[in-house]
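K.L.:
For the protein sequence lines, the chains are A and B, in the order given.
For the first sequence, the tail end lands on 267 under the working numbering, and the numbers increase by one without skipping.
For the second sequence, the tail end lands on 557 under the working numbering, and the numbers increase by one without skipping.
Simulated from the structure, these hints should not be mistaken for lab results.
Just so you know, not all the hints are guaranteed correct.
List of simulated lysine to any residue pairs, SDA-like, C-alpha gap at most 20 Å [to be verified]: (1) A:Lys50 with A:Ile37; (2) B:Lys392 with A:Lys50; (3) B:Lys392 with A:Asp152; (4) B:Lys392 with A:His259; (5) B:Lys374 with A:Thr82; (6) B:Lys392 with A:Leu155; (7) B:Lys392 with A:Ile37; (8) B:Lys392 with A:Leu170; (9) B:Lys392 with A:Arg256; (10) B:Lys374 with A:Leu255; (11) B:Lys392 with A:Gln169; (12) B:Lys392 with A:Pro176; (13) B:Lys392 with A:Trp258; (14) B:Lys392 with A:Tyr222; (15) B:Lys374 with A:Gly165; (16) B:Lys374 with A:Gln156; (17) B:Lys371 with A:Ile37; (18) B:Lys392 with A:Asn154; (19) B:Lys359 with A:Gly205; (20) A:Lys210 with A:Leu67.
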Amino acid sequence: MKRPLLENERFVQIAAPVFVGALFLLLWELVVRANDIPHYILPGPSAIAKAFVEDSAILFQGLLMTLKVTFLAFAIAVVLGTAASLLFVQSRWIEVSLFPYAVLMQVTPIVAIAPLIIIWVKDTTWALTVCAVIIAIFPIISNTTLGLRSVDPNLQAMFRMYRAGRWQQLIRLRIPSALPYFFGGMRISTGLALIGAVVAEFVAGTGGSKAGLAYLILQSGYNLKIPRMFAALGLITLTGIALFALMVWISDRVLRNWHESALKVEQ
Amino acid sequence: MRDATASKFEPAPPLVEASAPASDGPARAGRPVVEVSGVDKVYANGTIALQGADLTIRQGEFVSLLGPSGCGKSTLLRIMAGLGDVTRGSVKWWEQDYSVVGQKGRKLAFVFQNATLMPWARVRKNVRLPLDLAREAGPDTDAKIDSALEMVGLSNFGNAYPRELSGGMQMRASIARAMVTEPNLLLMDEPFGALDEMTRNKLNDDVLRLWQDKGWTVVFVTHSVYEAVYLSNRVVVMAARPGRIVDDVAIDAPYPRGADFRVSTEFAGYCRQVSKSLELASRQGREVRS
Numbered sequence: 001m002k003r004p005l006l007e008n009e010r011f012v013q014i015a016a017p018v019f020v021g022a023l024f025l026l027l028w029e030l031v032v033r034a035n036d037i038p039h040y041i042l043p044g045p046s047a048i049a050k051a052f053v054e055d056s057a058i059l060f061q062g063l064l065m066t067l068k069v070t071f072l073a074f075a076i077a078v079v080l081g082t083a084a085s086l087l088f089v090q091s092r093w094i095e096v097s098l099f100p101y102a103v104l105m106q107v108t109p110i111v112a113i114a115p116l117i118i119i120w121v122k123d124t125t126w127a128l129t130v131c132a133v134i135i136a137i138f139p140i141i142s143n144t145t146l147g148l149r150s151v152d153p154n155l156q157a158m159f160r161m162y163r164a165g166r167w168q169q170l171i172r173l174r175i176p177s178a179l180p181y182f183f184g185g186m187r188i189s190t191g192l193a194l195i196g197a198v199v200a201e202f203v204a205g206t207g208g209s210k211a212g213l214a215y216l217i218l219q220s221g222y223n224l225k226i227p228r229m230f231a232a233l234g235l236i237t238l239t240g241i242a243l244f245a246l247m248v249w250i251s252d253r254v255l256r257n258w259h260e261s262a263l264k265v266e267q
Numbered sequence: 268m269r270d271a272t273a274s275k276f277e278p279a280p281p282l283v284e285a286s287a288p289a290s291d292g293p294a295r296a297g298r299p300v301v302e303v304s305g306v307d308k309v310y311a312n313g314t315i316a317l318q319g320a321d322l323t324i325r326q327g328e329f330v331s332l333l334g335p336s337g338c339g340k341s342t343l344l345r346i347m348a349g350l351g352d353v354t355r356g357s358v359k360w361w362e363q364d365y366s367v368v369g370q371k372g373r374k375l376a377f378v379f380q381n382a383t384l385m386p387w388a389r390v391r392k393n394v395r396l397p398l399d400l401a402r403e404a405g406p407d408t409d410a411k412i413d414s415a416l417e418m419v420g421l422s423n424f425g426n427a428y429p430r431e432l433s434g435g436m437q438m439r440a441s442i443a444r445a446m447v448t449e450p451n452l453l454l455m456d457e458p459f460g461a462l463d464e465m466t467r468n469k470l471n472d473d474v475l476r477l478w479q480d481k482g483w484t485v486v487f488v489t490h491s492v493y494e495a496v497y498l499s500n501r502v503v504v505m506a507a508r509p510g511r512i513v514d515d516v517a518i519d520a521p522y523p524r525g526a527d528f529r530v531s532t533e534f535a536g537y538c539r540q541v542s543k544s545l546e547l548a549s550r551q552g553r554e555v556r557s
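Using the sequences plus the hints, can you model the full thing?
P.N.:
Shown next, in the form of structure tokens:
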């Protein structure tokens, strides 16, 4: 039996926000045209779309650079963050000695320390990566540590009763228990890696062949190429959304058989 | 009150069943499997969970620890499992210290209040866990898992995830996991407390059947008088504040016990006896406090 489209949950979930977005763009375009707002103050969506097409070469070059830093930083944050968590759960002493410094790193505004890092690290790509790692690593550390500690105490007692070693407990019990928390950390961390990459580039102000999207935004601003600025901004947003969706997809794939977060509600 | 408890610390009287025909079930009143002597357990916050607990569990017995919340029955069971230290007193397993536990013929398994399965692993893998942890996995592992699953009636659910099973089925999986190492001593901590009565009765019969077939020694914690009397050949009655053992009642009814036993006058008599003992203990507790 065919149901009306509006009763289809999936259709509504996609159609409703798309409709709101389209309405917003339409209003925007109308306001810009009706008031004859010059494009260097507020370009309409059509002007932005035009810039997107015309400048696609440099835009995508910039995107590639920003993505490179984002992925590098995210990968390093995941590896180092997980390693730190594993270290923390080995002993209470290690955790209480080091965790405050992880927090310290988290609360220091990256804009304030980015110039220092750019002076210290010669290679621009790596300088940007270091900044992005500093922002992106904390959710991984805190979530994974929490996860590694969130073990069912009875299961743990059972492991002790069968005389499981430290290694067996880690591999068979702690790591699987931590996975949902770890993926939660990853979701937050990807977005932060992207923000870190963009913010660091704003501060570093790199140019030439190594220019990323942030530099493109700065440059377009100086040259009053506001439509291009909006196009670059749009690209950053889309990238962020895509990365988040990717993380959700990966965690759903891994956890779908057992964890509540990945279970579809049955009607 | 001191006297009332002290008199219960004598060794359990020899059970009549020992000389009864073999069809009655496994030989009872054999060698000591666990001996708890003079055990106190005081928590860091000063709560006395157990005071002067003396209890000997013998080969082949089915013993229930019965009492209200806070009487230390779970604490006592965990101590028998070697989980957690005692403040005073000593515990022996097979007349030796804890290091012999796990050796052949001296294996111990524990069934928790909830199923305590690993949610990320399929039932088979959950059942297999003790063999992996004890490094006993070998060519016959699959056969062992199959037979454990068959005995609890989960043959067709080996590849299911725990969340796909009902509460009763999860508990069965938990029992299969306990059985897979072929334990000699099975400790069960209110295993069926969260289940509906029909499932509970069914699982009780299953456990009794396995106990008879396998020659296990079972210690079973419960707060249900009926469950304790139905299952056990000995009911150890406990009281709270402080947690202590107050009575040790032999249930001399033959096995197998079935639906008929549940409605027999014999059953009712034992239930009355055990209930009275529970009530007496709680009244004494109140008098001491006031």
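K.L.:
Against each hint, give a clear statement of whether it holds in the structure.
P.N.:
Hints and how they fare:
1. A:Lys50 with A:Ile37: holds (17 Å)
2. B:Lys392 with A:Lys50: Roughly 58 Å between the alpha carbons, so the hint for lysine 392 (chain B) and lysine 50 (chain A) is violated.
3. B:Lys392 with A:Asp152: Within the cut-off at roughly 17 Å; holds.
4. B:Lys392 with A:His259: holds (17 Å)
5. B:Lys374 with A:Thr82: Given that 20 Å is the threshold and the Cα spacing comes to 37 Å, the pair is violated.
6. B:Lys392 with A:Leu155: holds (14 Å)
7. B:Lys392 with A:Ile37: violated (67 Å)
8. B:Lys392 with A:Leu170: With Cα atoms ~17 Å apart, lysine 392 (chain B) and leucine 170 (chain A) stay inside 20 Å; holds.
9. B:Lys392 with A:Arg256: holds (17 Å)
10. B:Lys374 with A:Leu255: Roughly 34 Å separates the two Cα atoms, so the pair is violated.
11. B:Lys392 with A:Gln169: Distance of about 15 Å is within 20 Å: holds.
12. B:Lys392 with A:Pro176: At roughly 14 Å apart (the allowed maximum being 20 Å), proline 176 (chain A) and lysine 392 (chain B) satisfy the hint.
13. B:Lys392 with A:Trp258: At roughly 14 Å apart (the allowed maximum being 20 Å), tryptophan 258 (chain A) and lysine 392 (chain B) satisfy the hint.
14. B:Lys392 with A:Tyr222: Violated: lysine 392 (chain B) and tyrosine 222 (chain A) sit about 63 Å apart, past 20 Å.
15. B:Lys374 with A:Gly165: holds (18 Å)
16. B:Lys374 with A:Gln156: holds (18 Å)
17. B:Lys371 with A:Ile37: Measuring from Cα to Cα gives roughly 87 Å; hence the hint is violated.
18. B:Lys392 with A:Asn154: Cα-Cα ~17 Å, so holds.
19. B:Lys359 with A:Gly205: violated (73 Å)
20. A:Lys210 with A:Leu67: Given that 20 Å is the threshold and the Cα spacing comes to 12 Å, the pair holds.
Of the numbered hints given earlier, the model fails hints 2, 5, 7, 10, 14, 17, 19; all others are met.
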